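Student: Sequence:
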Amino acid sequence: MLPAAPPGGASSYTSTAASARVSVPPNTMPLTNNHVLLALPPTAASASVLRSLRSEGVSVSPVSDGIGVLDAVRTRDPALVVLDVELPGPDQAAVLAAVQNEAPNVPVIAVTPRERRLGLLGLLRGDRDDFLVRPFAVDELAARIRLRLRLGPAVENTVLRHGELVVDTEFGDVSVDGQSVSLSPTEYALLMALIAEPGEVVPPHRLAREVWSEPASPNLVQVYISYLRRKIGAERIRTVRGEGYVLEA
Numbered sequence: 001m002l003p004a005a006p007p008g009g010a011s012s013y014t015s016t017a018a019s020a021r022v023s024v025p026p027n028t029m030p031l032t033n034n035h036v037l038l039a040l041p042p043t044a045a046s047a048s049v050l051r052s053l054r055s056e057g058v059s060v061s062p063v064s065d066g067i068g069v070l071d072a073v074r075t076r077d078p079a080l081v082v083l084d085v086e087l088p089g090p091d092q093a094a095v096l097a098a099v100q101n102e103a104p105n106v107p108v109i110a111v112t113p114r115e116r117r118l119g120l121l122g123l124l125r126g127d128r129d130d131f132l133v134r135p136f137a138v139d140e141l142a143a144r145i146r147l148r149l150r151l152g153p154a155v156e157n158t159v160l161r162h163g164e165l166v167v168d169t170e171f172g173d174v175s176v177d178g179q180s181v182s183l184s185p186t187e188y189a190l191l192m193a194l195i196a197e198p199g200e201v202v203p204p205h206r207l208a209r210e211v212w213s214e215p216a217s218p219n220l221v222q223v224y225i226s227y228l229r230r231k232i233g234a235e236r237i238r239t240v241r242g243e244g245y246v247l248e249a
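Counting from 1, position 225 in the sequence shown corresponds to residue 225 in UniProt numbering; the numbering is continuous, with no gaps.
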């Protein structure tokens, strides 16, 4: 059973960035089944994620209690389950275990308050599952879902290399010149959008679509490009004025 959380924890979604490591391998081949089971409390944040995914053509089934989660896993054949560990209904540790048993090949993104994180980690299946600490940014959850759906049925090589930049997509680890680099989920999603087209100009509107799943101002993209440059080296991202950004080797 997961450690108890204080009252009201299940509704504490905000725009604060999460600090959990991203482990969402990308792939240019999308899943034929892109159905997502979104098991979150009915808040403005979960509604925003739902709208964002559906606007991209992702099939989403929202559920708001543990019994509904199990019924949906059995009847709707999801490609991905997003599960808040504080939903009403049965103990969510038992619900998580039941989901893993019913659908052993379906990845789970578990949403948890920080104080319950350690109790959750032992229930996740290595690199197949992921977790997100609440409160979190809505765009970060949407980015993780989008990237998970790109995984497809099999990925043979999970290490991407571009010059001295190395990304192990299985574990979400990034290194530059042999030194580990810690990225936020949004920075990681931005790097994945750039590394998918190494050496090519990627326009800001495409980066916004890949990272935030909706139109974003060029200034927002520019701000996160500056954050990423600080982490991996300014010389590795070249600005092409009026066109976009290039990931250099």
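In short, the hints are calculated from the structure, not lab data. Given the structure is predicted, the values throughout are model-derived calculations rather than measurements. Hints should not be assumed to be uniformly reliable.
Said to hold, decoys possible - Restraint-style ranges between C-beta atoms, simulated for each label pair: (1) ARG114 / ARG74: 29 to 39 Å; (2) GLY199 / ASP71: 43 to 53 Å; (3) GLY178 / GLY126: 50 to 60 Å; (4) THR75 / ALA44: 26 to 36 Å; (5) ARG161 / THR43: 14 to 24 Å; (6) ASP91 / LYS231: 13 to 23 Å; (7) GLU248 / GLY126: 28 to 38 Å; (8) GLU115 / ASN219: 27 to 37 Å; (9) GLU200 / SER226: 12 to 22 Å; (10) PHE171 / ARG54: 40 to 50 Å; (11) ARG51 / GLY199: 33 to 43 Å; (12) LEU121 / ARG54: 28 to 38 Å; (13) SER55 / PRO218: 18 to 28 Å.
All C-beta atoms, glycine included, are put in the ideal place defined by N, C-alpha and C.
Student: Look at each hint and say if it fits the structure.
Tutor: Evaluation of the provided hints:
{"no.": "1", "hint": "ARG114 / ARG74: 29 to 39 Å", "result": "holds (31 Å)"}
{"no.": "2", "hint": "GLY199 / ASP71: 43 to 53 Å", "result": "holds (48 Å)"}
{"no.": "3", "hint": "GLY178 / GLY126: 50 to 60 Å", "result": "violated (25 Å)"}
{"no.": "4", "hint": "THR75 / ALA44: 26 to 36 Å", "result": "holds (28 Å)"}
{"no.": "5", "hint": "ARG161 / THR43: 14 to 24 Å", "result": "violated (40 Å)"}
{"no.": "6", "hint": "ASP91 / LYS231: 13 to 23 Å", "result": "violated (39 Å)"}
{"no.": "7", "hint": "GLU248 / GLY126: 28 to 38 Å", "result": "holds (33 Å)"}
{"no.": "8", "hint": "GLU115 / ASN219: 27 to 37 Å", "result": "holds (35 Å)"}
{"no.": "9", "hint": "GLU200 / SER226: 12 to 22 Å", "result": "holds (20 Å)"}
{"no.": "10", "hint": "PHE171 / ARG54: 40 to 50 Å", "result": "violated (30 Å)"}
{"no.": "11", "hint": "ARG51 / GLY199: 33 to 43 Å", "result": "holds (35 Å)"}
{"no.": "12", "hint": "LEU121 / ARG54: 28 to 38 Å", "result": "holds (31 Å)"}
{"no.": "13", "hint": "SER55 / PRO218: 18 to 28 Å", "result": "holds (20 Å)"}
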